[in-house]
Amino acid sequence: NAGVTQTPKFQVLKTGQSMTLQCAQDMNHEYMSWYRQDPGMGLRLIHYSVGAGITDQGEVPNGYNVSRSTTEDFPLRLLSAAPSQTSVYFCASRRTRGGTDTQYFGPGTRLTVL
Amino acid sequence: GIQVEQSPPDLILQEGANSTLRCNFSDSVNNLQWFHQNPWGQLINLFYIPSGTKQNGRLSATTVATERYSLLYISSSQTTDSGVYFCAVERKLTGGGNKLTFGTGTQLKVEL
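The listed protein sequences correspond, in order, to chains B and P. Count the first sequence with the working numbering and you get residues 1 to 114, in order. Count the second sequence with the working numbering and you get residues 1 to 112, in order.
Worth flagging that the hints you see were computed from the coordinates, not collected in a lab. Glycine included, each C-beta is placed from N, C-alpha and C at the ideal position. One thing to keep in mind: the hints can contain errors.
Said to hold, decoys possible - Partner residues aside, some chain B positions facing chain P, computed with beta carbon under 10 Å: (1) S33; (2) Y35; (3) Q37; (4) G40; (5) G42; (6) L43; (7) R44; (8) F90; (9) Q103; (10) Y104; (11) F105; (12) G106; (13) P107.
With the hints as extra help, turn the sequences into a complete structure.
In structure tokens, the structure reads:
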């Protein structure tokens with residue numbers, strides 16, 4: 001299994017541009033989520049999905065959209081990039097929505113917005 | 001929201017030394033996890049430990065849920081243990097998911 005994969009690894013955007021961060025998992029996990037990591041702040045939940053067709057907001061959802069059309073994919077869209085969205089973005093998945101199973105993280109996407 | 005505090009924020013060890021990292025949380029939680037973020041940024045789950053004690057090689061963890069803290073023990077530290085250690089507590093969301101709230105981490109550097 002490849003686990004959780006994310007593309008791209010690095011991205012530079014100009015203010016106002018839009019883009020999609022890709023996330024895929026091949027473990028047939030039900031639950032997927034997006035976090036952002038900022039210096040000195042740990043990771044914060046942006047959006048999550050408990051299954052295909054179901055998404056919900058996390059702690060810091062403003063400026064981001066998600067969709068979950070398949071079990072495998074959970075893309076994160078930045079609608080109009082702002083410098084405040086400069087961060088490292090992690091996608092994560094787990095087998096169930098809240099059981100005693102491990103959460104797996106992707107390698108991250110480092111995004112800079114100029 | 002729930003607060004998660006980790007101590008110490010920074011730690012430098014000589015190879016072979018032991019250490020204890022602490023995580024305090026401000027409210028009851030469904031679960032608690034410890035993660036290691038290596039110098040390349042990869043997050044690895046170390047322990048899923050809502051209560052009790054678990055051991056995995058040189059690492060062990062203890063959570064006392066009633067007193068709202070968890071400890072991560074690293075014995076005979078190695079340079080490969082360097083990185084940031086995060087504690088994350090888990091609570092259920094109204095939408096059916098679970099939210100991990102992370103502490104700000106302990107930055108560990110193990111030197112030869």
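Hints, verified against the model:
no.	hint	result
1	S33	holds (7 Å)
2	Y35	holds (8 Å)
3	Q37	holds (8 Å)
4	G40	holds (6 Å)
5	G42	holds (3 Å)
6	L43	holds (5 Å)
7	R44	holds (7 Å)
8	F90	holds (7 Å)
9	Q103	holds (6 Å)
10	Y104	holds (7 Å)
11	F105	holds (4 Å)
12	G106	holds (9 Å)
13	P107	holds (6 Å)
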